[in-house]
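Dock chains A, B and E with the ligands against chain V, hints included.
Protein chains in written order, with full-length UniProt numbering: chain V, 1 to 225; chain A, 1 to 749; chain B, 1 to 90; chain E, 1 to 90.
These aren't lab readings, by the way, just hints derived from the structure by calculation.
Some clues are possibly wrong.
[To be verified] Cβ-to-Cβ under 7 Å is the rule here; a few derived chain B residues that face chain E:
#1 Asp36
#2 Gly40
#3 Phe43
#4 Met62
Bear in mind the structure is a predicted one, so any value in this text is a computation, not a measurement.
We put the CB at the ideal spot given by N, CA and C, even for glycine.
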Amino acid sequence: MTTRIGVVTFPGSLDDADALRAVRIAGGEPVTLWHRDTDLHQVDAVVLPGGFSYGDYLRCGAIARFSPVMGTVIEQARAGMPVLGICNGFQVLCESHLLPGALTRNDHLHFVCRDQRLTVENADTAWTRDYSAGQEITVPLKNGEGGYVADERTLDELEAEGRVVVRYLDGNPNGSRRDIAGITNAAGNVVGLMPHPEHAVETLTGPTTEGLPFFTSVLKQLVNA
Amino acid sequence: MTLDTVKHAAGTPDAPQPWAELGLKENEYEQIREILGRRPTGAELAMYSVMWSEHCSYKSSKVHLKQFGEKAPASEAMLVGIGEQAGVVDVGQGYAVTFKVESHNHPSYVEPYQGAATGIGGIVRDIIAMGARPVAVMDPLRFGAADHPDTRRVLPGVVAGIGGYGNCLGLPNIGGEVVFDACYQGNPLVNALCVGVMKHEDIHLAKASGVGNKVILYGARTGGDGIGGASILASETFDSTKPSKRPAVQVGDPFQEKLLIECTLEAFAEELVVGIQDLGAAGLSCATSELASNGTGGMRVELDDVPLRDTTLSPEEILMSESQERMCAVVEPSKVDRFLAICEKWDVTATVIGEVTDGDRLEIFWHGEQIVDVPPRTVAHDGPVYERPMARPDWLDALRADAAEALARPQDGDALRAQVLRLVGSPNQADKSWITAQYDRYVLGNTVLSQPEDSGMIRVDEETNLGVAVSTDGNGRYAKLDPYAGAQLALAESYRNVAATGAKPLAVTDCLNFPSPEDPAGMWQFAEACRGLADACQVLGTPVTGGNVSLYNQTGDVAIHPTPVVGVLGVIDDVTRRTPMAFAEEGQLLYLLGDTREELGGSAWSQVVHDHLGGRPPAVDLERERLLAEILISASRDGMIDAAHDLSDGGLVQAVVESCLRGGAGARLVTPDGLDPFVFLFSESQGRAVVSVPRSEELRFTDMCGARGLPATRIGVVDGDAVELQGQFSLPLGELRSVWEATIPDLFA
Amino acid sequence: MARVVVDVMLKPEILDPQGQAVQRALPRLGFEGITDVRQGKRFELDVEGPVDDAALARVREMAETFLANTVIEDFTVRVEAAGPQEGAPA
Amino acid sequence: MARVVVDVMLKPEILDPQGQAVQRALPRLGFEGITDVRQGKRFELDVEGPVDDAALARVREMAETFLANTVIEDFTVRVEAAGPQEGAPA
Ligand SMILES: Nc1ncnc2c1ncn2[C@@H]1O[C@H](COP(=O)(O)OP(=O)(O)O)[C@@H](O)[C@H]1O
Ligand SMILES: [Mg+2]
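Next comes chain V alone, as it looks inside the complex (with noise of 0.2 Å):
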């Protein structure tokens, strides 16, 4: 049996086709999500993709988080159900309390896109079991808003649970506090983070294929299940 992993498009989300091709890559059954509808569709993960999701006014994430669908993603979350929060999802994820902290204007205030060398740190979650601890990797970032923050307290007690799962490395793109590139809940199913592991699944189309452990170890992590 497949396992099925969902891919959420809502209006404006514009990874949400390489996330589904992420997945197929990987050996896994991509499903679309759509954001009006709560049904989950039996799939055993979801997606989160990058994009700007209802044009990312107000503030990235912002109005997503009130979709219907994300009703019943946080619900199951919180359940246990690996979720994974690609830059946009990222910002959801943040927006909808599943993760703490918030991500700001980078602090150059430009958009930047570029090829970036990673350090996964934790390789103990949901999503990142086929990597090894310490591993970098290159995998692409593009933003405006990836400045990770949270007061010193939350990043305190990230740092001591080992919930940082991923910290840029050769600088830090857009003023993340403590280089953080991407977290995890305390569980270990929810992940999110700035970079794009999905655009890192080829070598015709993406600087490496580094980012595709992100899937294969979710797939993984289902059917030991």
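Chains A, B and E with the ligands in isolation, oriented as in the chain V frame:
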């Protein structure tokens, strides 16, 4: 104020009308009265004035543009010819591609962010209206002097606007140009190109046929944006002494446009659409008259049904409004409900505003009264056409006599080295990644090549790896010296860039940015460029599928360089065979393809080192370009070369430096016999490229070049971490990189 | 019809790169003596019916749950005379 | 030290996609009765020295030439009691 109805107009033939303020000439106003057999109503006058503006009617350029059709080479690739919103090209496997470049020059000077953003928005809607899914954008840009304070205002705003709109729309930016020259100071050129892909059976055309079919306006509500913008902004010289002419600026909503793309494509997929038209310049005036003019019947529109953002708008203003992110579709009555449901799914406002009638008139009603009753062709297609006087500029001979070949040259290796560094660090030749890093090049996951590669390349089919490549080029300095040759050189460079990546050039789009057509010298430049481009397209077998003309690019009497920008589209059967530009493999052999002559007129070297523009541009040899392209394509297909980079402004040394920095490997070069090192490095002779050949392929490659008669000269080897010219100088990559990368951020960050 | 204004500002401890960029630019433009700049958002809401305590409470809830992200932002709510925004000084 | 506030709003005739997006979202969140939303910017400037007419004139010039883009935006300038921004109601 009483409503100026058709009846009222007929009864008040002598009422004064502001035709001059609306940009019409007296003879044009008389022509309108003749067509209608009475004076036009206010709404009719608004429609004619905006549709007969230079921007919409091409009244000065039409007679010259005709050549693109008349001289079009026979090409099996053309599915829809020039004349539709954008031409359609067959790229094989049942796929068709449409692409077009358009200008948004004046609005981008007034309000750089929104001007550039809505430029992207407009060209993308053109592509959707053909039934294609937009897959990539490009942005050829030209600004005033890099160190001028106003460039600091305009460039960051334009770049942010293009990024802000394109990124939010989810279209990868795969290339463009950034050129600085004082001639663009008060008149930057912001051109935008979009590429779309569809299946052959999905081609849609703008026409309203079928009596009783409904006209549906969908997308954003109509507001007071850019009223008169099309006619006043684009047709009259931009004159800073008349601030009152500054029109309201349109604000773009890329999110709304993303929804328009999705709902339009869904409606196409369900075959709900008979005809479709985007709303661009001249808004509803343009959409209704063009749809009706292209169709078989007439059209009746109830203006009261147009959803408004600003309820105080007059009917004339509603007709002229250039509110962005709107489209107009013609739909059979039985399919209207389904069409509206799709719009509802995507949160897009959609309203039936009229229907196709069995008459031959476009009739528009407001509050139950008829305010427009016109033959639609007279508005949309049969506008005035001018054969404007032309005169070869009197300064041209003196300019051409001032040859760049006579300029002082570097006398030794140290001087060469210093000038290479100056060239590489000059704003036009420096690294543009501070700009291109603000653009998403990854979205959609099909970008095979993007900046700084010679052309952008997009995978069209994931199963077969079919792809397309596009490049845009133009050199205003060459065109100033010789507009006929300049247009051909723009085409040649773009064609060469496409071939350098391994794709076969198929078709051309162009954006002709020129000064005032009312100046005989400007008109002559325009005519020469059109003739040059049409002639060259004939030789290269690449038809012009569409494009855009932007005239009146001048500030007062100061005209821009004539700047034809040419986009070439190519096809590649297997994108995994693409040729990148990076020299990366130590030990590979560097070959220079083509002939190098002493050609420095209009060159980057003459600009950077001597601030000079004079003489003649490099010679055009289109047969050579064609041969070079064939070699580059064969070599890519058969795996004979690992890298290729075309030679253009800056000559050989610029190309080698770029390829070395891209791959992180150095090059040891030897000046070929019979060439002077300076000419070897800086000449801008055309029809050339530099390639990196694995040693195992050398024989096969040189045999092929020999057999086909293309000069191929071994000029060195990929090696070390410096660019070295034997016996002259060595430049460490680190030093080159820091000079090359610093310039643009130092100016604009 | 009444207008309620919601002002949203980043909390003082959160870095405000936009405000900083403005502040850095001012001396270059010849404006001295501005010791700090913060940039926030202003929402003008046109409210149907009377702006009584109940209505204001609703707007406050709207601000708290939606218009502001209270993880990083503070907000204030106040009533303003409706009507068009005062024009820019010529 | 005094605080001067500059409010910048899009001119009424200019499309405000941000405000529209907020307004469209409100009913979905259960907030009814908001007939229009416009979103603008708020700048808080801390000014050295007295905020007299001369100082205000300078801020107005700053707003006109820099903080607002008067092609599409209007602005207002006013003095506000300095001190930290009033906290959000808990
Ligand atoms: N405004 C821009 N937007 C996107 N890409 C750009 C832009 N300007 C330059 N580029 C890219 O940078 C590279 C170098 O540009 P250029 O020197 O003009 O190339 P060429 O000389 O080969 O035409 C090309 O890949 C080009 O597409
Ligand atoms: Mg090139």
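Status of each hint after checking the structure:
no., hint, verdict
1, Asp36, "holds, 4 Å"
2, Gly40, "holds, 5 Å"
3, Phe43, "holds, 6 Å"
4, Met62, "holds, 5 Å"
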